[in-house]
Structure formats: structure tokens, C-alpha cells
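Protein chains in written order, with the numbering used here: chain B, 1 to 233; chain G, 1 to 181.
Among the hints, a few may not be true.
[Claimed, not checked] Label pairs and their computed distance ranges (CB to CB):
(1) 180(B) <-> 31(G): 22 to 30 Å
(2) 214(B) <-> 180(G): 20 to 28 Å
(3) 122(B) <-> 40(G): 35 to 43 Å
(4) 39(B) <-> 40(G): 49 to 57 Å
(5) 51(G) <-> 188(B): 48 to 56 Å
(6) 187(B) <-> 180(G): 45 to 53 Å
(7) 54(G) <-> 142(B): 52 to 60 Å
(8) 118(G) <-> 187(B): 30 to 38 Å
(9) 40(G) <-> 213(B): 46 to 54 Å
(10) 172(B) <-> 171(G): 46 to 54 Å
(11) 39(B) <-> 23(G): 41 to 49 Å
(12) 16(G) <-> 171(B): 51 to 59 Å
(13) 128(B) <-> 8(G): 37 to 45 Å
(14) 23(G) <-> 187(B): 35 to 43 Å
These are calculated hints, taken from the structure and not from any lab test. Backbone N, C-alpha and C define an ideal beta-carbon position, used for all residues, glycine too.
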Amino acid sequence: MTQLQARGVVRAYGPTPALRGVTLDVAEGEIVAVTGPSGCGKSTLLHCLAGILRPDVGEVTWRGHRIDTWSEAARSRLRRTEFGVLFQFGQLVAELTAAENVSLPLLLAGTGRREARTAALTWLERFGVADLADVRPGEMSGGQQQRCATARALVTEPRVLFADEPTGALDTLTGEQVLTQLVRLAREQHTSVVLVTHEPRIAAYADREIVLRDGLVDHTGLGLDVPLAGGAR
Amino acid sequence: MGGVSTPHVLLGLLAGGSRHGYDLKRAHDERLPRARPLAFGQVYATLGRLQRDGLVTAAGQDRAAGPDRTAYALTGQGRATLDEWLSTVEPPMPYVASTLFTKVVVALLVADVDRARSYLTAQRAAHSARLRELTRVKADPAATLSDVVAADFAIAHLDADLRWLRATLDRVADWHREVHP
Ligand SMILES: Nc1ncnc2c1ncn2[C@@H]1O[C@H](COP(=O)(O)OP(=O)(O)OP(=O)(O)O)[C@@H](O)[C@H]1O
Ligand SMILES: [Mg+2]
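Pulled out of the complex, with its shape left as it was, chain G reads as follows:
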């Protein structure tokens, strides 16, 4: 899965009008409720880079008072960068590489079937526990649509991983024979 593009998220949040750094952090955490919360330092560092590249500009008057008193606004160039990002389709799984998959491959290379199987089994338990946790988040009557949509994204991926884990557990012995003929 692609990483989170914090600069683009910030540009998107500024599309509705200028905002202070603190406000941006709050809006980020609210819109992306299941993402890792943004640190203030990261917000200001990113805003600094966006400003350097001409994608945002300091719109507030209090510039000398420090970054937390500064309001930032999207520039024309920032808007163009945002539009381009939004109209680019993400390459679907260009590489089959995830720690989950890679760890099973390495386990098969360096150890026996049982080692790979016990990793798969433990990972399956961890995935199931997380899936149950997110299902509870979603089924909570107080959940907002933002919560539900975010939980659903993770649920769909965990569900897919669990199917793969299950199928691989059934095939791991054959796979090991192929790796160590």
C-alpha cells in the first residue's frame, strides 16, 4: 500500500481557505480518524517545505510571532499540484511486497515448514484480533460515517490478508518443497 501523502492532505485542507497550523492538525485528525495522528512538528516542517516550493504562502499578519500564529493559504501553483495529484491514478500493487508476505518467504528460506507455519498462525491471530477491534468501532451506534469508512478500509484489507494467510497455511508444505527441492 502507498504511504500517506501528508503534503497533499495539507494542500487539500487548505483548498477551503487559509488555516493556522494547529487548525490543520485538528482537521487532519478529524478527517482521517484511523490514521496516525499528525505531530505539530511534522505539520510545521511540511508547511515550511510547501512554502519554500511556492505551494502555500503565509497569509497571516503575525508572521514574526512564530509559526503557530501564521495562517497559510494555497497558492495557484499549490492548487495545480493538488489537482494533478487527485487526477493521477495510483498504480495498483506495482510490487508484491509487504512485510507479511516477505516474512513468510524468508521463514521458508532460513527455516523449516513449522517455523513458517507458526509465524502464519500467530499473524492470523493478530489479524483476527485487530479485525474484531475495528468491527466493534464500526458497529458502535455512535460511529460517524468518517469512522465507518476508515474502519472499512482497514477491514477490507485485513479480510483479504486473512484469506491469504489461510490459503497459505494450507499450501506452506508444498511451497517449502518448491523452495528446497
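The following block holds chain B by itself, in its conformation from the complex:
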């Protein structure tokens, strides 16, 4: 089933065009990488799909419902219950411990305190940072913060995870460990993932890659319509 759809999405910031008519589908459980040069509109597209920004023209639909016309309150509720969001720098709440940060989305969704903490500890464990449960972000490394942020993004078992350069601030090995685990857990719970990255090796974790260029989807050369030399591989 199609989870998310963008139809002819156009978005500008004042006079600056960011998206100039983007159409794409994300299926249930599908992991889609969005790549392209800096400034091509990747983050803007992610924000439009997640209902954070509203397109100027075009439609965004979520499981058949058109969401771009919804009120901010309705979109915000959708984000809390069905979506998870993860940014380059975890953006944990500095005043809260790791367990409190990870509990937060559950508490906002009405889960009880004790149950939320138990779930938070389980998710911290899955990302190998259970021992940091009572530590605040200021005392963690960037990699540890990103593991906590990833746990927080997945704790509600969202239907779609939006990740904008989730490994951009991490060294290669740490980034890969976080991403491998993220992809594994997303696949287990059939969460769709929209993964924005400029790194080919990160995009390779996805089922499919969408290349943006100047606010448009670049359709050249995504399939392989030429023979491989010697029929190798």
C-alpha cells in the first residue's frame, strides 16, 4: 500500500524556489533515499512530506488522505502519532536525560509514565546506550546522542521515519552502526523511511534512490539500461 504521496509539490521561500514540482510515492515499509547536491531541496521535500511545511502548489497524501490542507494542529498530531523525525544533530532536549528524551514522544501521545520509561529503556538498549539512560545530552558524545535520538524517533513505532542526514555528524563506522540498526528495526516493524543523505554509501541502505536537482526529480540514469561489460556479476 502507498504510504505517502507527493503530487506536483512546489515550494518557495520568498523569491527562492526550493521545489519546482516534485512527484513521488513511498510504499509501506519502503526505504527511500533522497539525494542530490546541496540546496537542491532535499530538506524542504522532507519537511513537506512530514507535514512540517505546506507546499505552495501540489498535494501531499498520507494513506489516501490529503494532509497538506489540514490545520497545523491536525498535522502536528499526525507527526506525533504516525511519524518519527530524526535530524543530523540529534536535537535532544538538553535538560532531560536520555530516558526522559526517549519517553517524551510516548508521553505526548498519552502513554503512562511508567510504561513510557520501560519502552524508552528497551529502545535505548536496542541502540546500545541503555547505560546512558540517566545521563543528559551534554555529557554524551555526538554518536551517543545520535543513538538516543534514533531511539526517540522510533519509540512510537511510527509508520514513517523521516531522517535528514542522520549520520552526517558521525564518523564512518559509528554512522554505519547507527544506520544498520535503524534500517534493521524499521524493516522489522514495517516502518517506511525517507532518508535524506548526500553520501552514496548511506543511500545504498535504501531500497530506492531519488535524486533531486534544482527542485526537481532527476530521472536520468536511475535504472540500468546498458549492458555490463562481459556480462559480469
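Go by the hints and put chain G with the ligands onto chain B.
Just chain G with the ligands, lined up with the frame of chain B:
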């Protein structure tokens, strides 16, 4: 990238004790899981040359029964050759020459920008497909560290090639103007 030095790999595998040809092939394929598998003929031909050069010696008693019954052992000279190889640093990219790079240059020489661009685009798709394939190999929970390290080697190079392909696609028109002023 330098070629695979099969003689040195075999010397390395013999450093732990004598082995039969079949055993060497198996150990080779296990240690280098993403390399082209060694053919038996190649193992015996290489062992023959190493023996001729005094780097290995037939250690088995069954010599007359044929090469597959013979165990080979590293000689002192073989050990010295292996040590020397291991302590020599490989010259990093002494020449900028790969089929990938050369093909774009030739495409620009003999054809127009579009020809070069369509080759770059197709190559990018092939690289991406292979990168995804190796990423799956690596992310498989059953993958051994040998699998992961071997896949990582290829992944790092494909990633670098893809960055180059992308940057070159953006510059190919300017480059063509430089080649055909
Ligand atoms: N808040 C903003 N105000 C004004 N212009 C903006 C704003 N955000 C983005 N833009 C512009 O919109 C275009 C698309 O930006 P966007 O952030 O979506 O690109 P991106 O592909 O995510 O880039 P990067 O890889 O650098 O993160 C750019 O020209 C950018 O300058
Ligand atoms: Mg961005």
C-alpha cells in the same frame, strides 16, 4: 588498484604449516571471500613456479601420486620473500588510470558531451546497484567479519567512484570545451 598477488597469498597461507593444494584453494576462498575464487589449475601452476624458485618445497611423501596428493611447505627463502613483500608499502595510485576514467576521456575525444554524459550516467547506475548489493551483504546479520571487511573495501571504492562520477557529470561540458577548444 594493484592486482591480486596470488603467489604471496599462497606463501602467507603456508606460513602456518604445510598444506595440500586443495586445502590452499579452500583457505584462499575463505580468507578472501569477495575475491575471484582461485581455480585449481592456477593453484598448482603457482605452486610449481614457487617450487622452481625455491620458495616452497614438496613436504608430502606421496609425490609420485600427483600434485593433489602433495603437501607443500614454506622454505626459509619463501619466508624471507613473504616478509619483504609485507614490509613494502604499496605506492598509492602511482598512475591515474582506470577503465572508468579512461573511458570518459576517450568518449570526450571521439564524441560529444552527451555521449560522455550518457556513459557516466549508466556507469553511475551500475555502481549504485553494486553498492547496494554489497551493503546488503554487509548488513546481513549472518555476515562474518571477513565478509564485512571485504565488502567494506569495495564499498569505500565504489563510494569514491560515485562521488567522482557525480562531480564529473556536473563538469563534463566544461571539460569538453577544454578538450576541444
Ligand atoms: N528557511 C529558508 N529561508 C530561505 N531560503 C531557504 C530556507 N530553507 C531553504 N532555503 C533555500 O531553498 C533551497 C533548498 O534548500 P534545502 O534546505 O531544501 O536544500 P537541501 O537539499 O536540503 O540542501 P543541503 O544538502 O545543503 O542540506 C536552497 O536554495 C535554500 O537556500
Ligand atoms: Mg538539507
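Going down the list of hints, with the structure as the test:
1. For residue 180(B) paired with residue 31(G), a C-beta distance near 24 Å keeps the hint of 22 to 30 Å intact.
2. At about 27 Å, the beta-carbon gap between residue 214(B) and residue 180(G) stays in the expected band of 20 to 28 Å.
3. With their beta carbons about 52 Å apart, residue 122(B) and residue 40(G) fall outside the hinted range of 35 to 43 Å.
4. At about 56 Å, the CB distance of residue 39(B) to residue 40(G) agrees with the hint of 49 to 57 Å.
5. Judged by the Cβ atoms, the range 48 to 56 Å given for residue 51(G) and residue 188(B) holds: they are separated by roughly 54 Å.
6. For the pair residue 187(B) and residue 180(G), the beta carbons lie near 50 Å from each other, so the given range of 45 to 53 Å is met.
7. Taking 52 to 60 Å as the suggested C-beta distance range, the pair residue 54(G) and residue 142(B) conforms, at roughly 55 Å.
8. In this structure, residue 118(G) and residue 187(B) meet the distance hint of 30 to 38 Å, their C-beta atoms being roughly 35 Å apart.
9. Checked against the hint of 46 to 54 Å, the C-beta distance between residue 40(G) and residue 213(B) comes to roughly 51 Å, which is consistent with it.
10. For residue 172(B) and residue 171(G), the hinted distance range of 46 to 54 Å is not satisfied, since their beta carbons lie about 26 Å from each other.
11. In this structure, residue 39(B) and residue 23(G) break the distance hint of 41 to 49 Å, their C-beta atoms being roughly 57 Å apart.
12. Hint check: residue 16(G) to residue 171(B), Cβ distance near 34 Å, so the stated range 51 to 59 Å is violated.
13. The supplied range of 37 to 45 Å is met by residue 128(B) and residue 8(G), whose beta-carbon atoms lie about 39 Å from each other.
14. In this structure the hint that residue 23(G) and residue 187(B) lie 35 to 43 Å apart at CB holds, the actual value being about 39 Å.
Hint compliance for this structure: hints 3, 10, 11, 12 are broken, all remaining hints hold.
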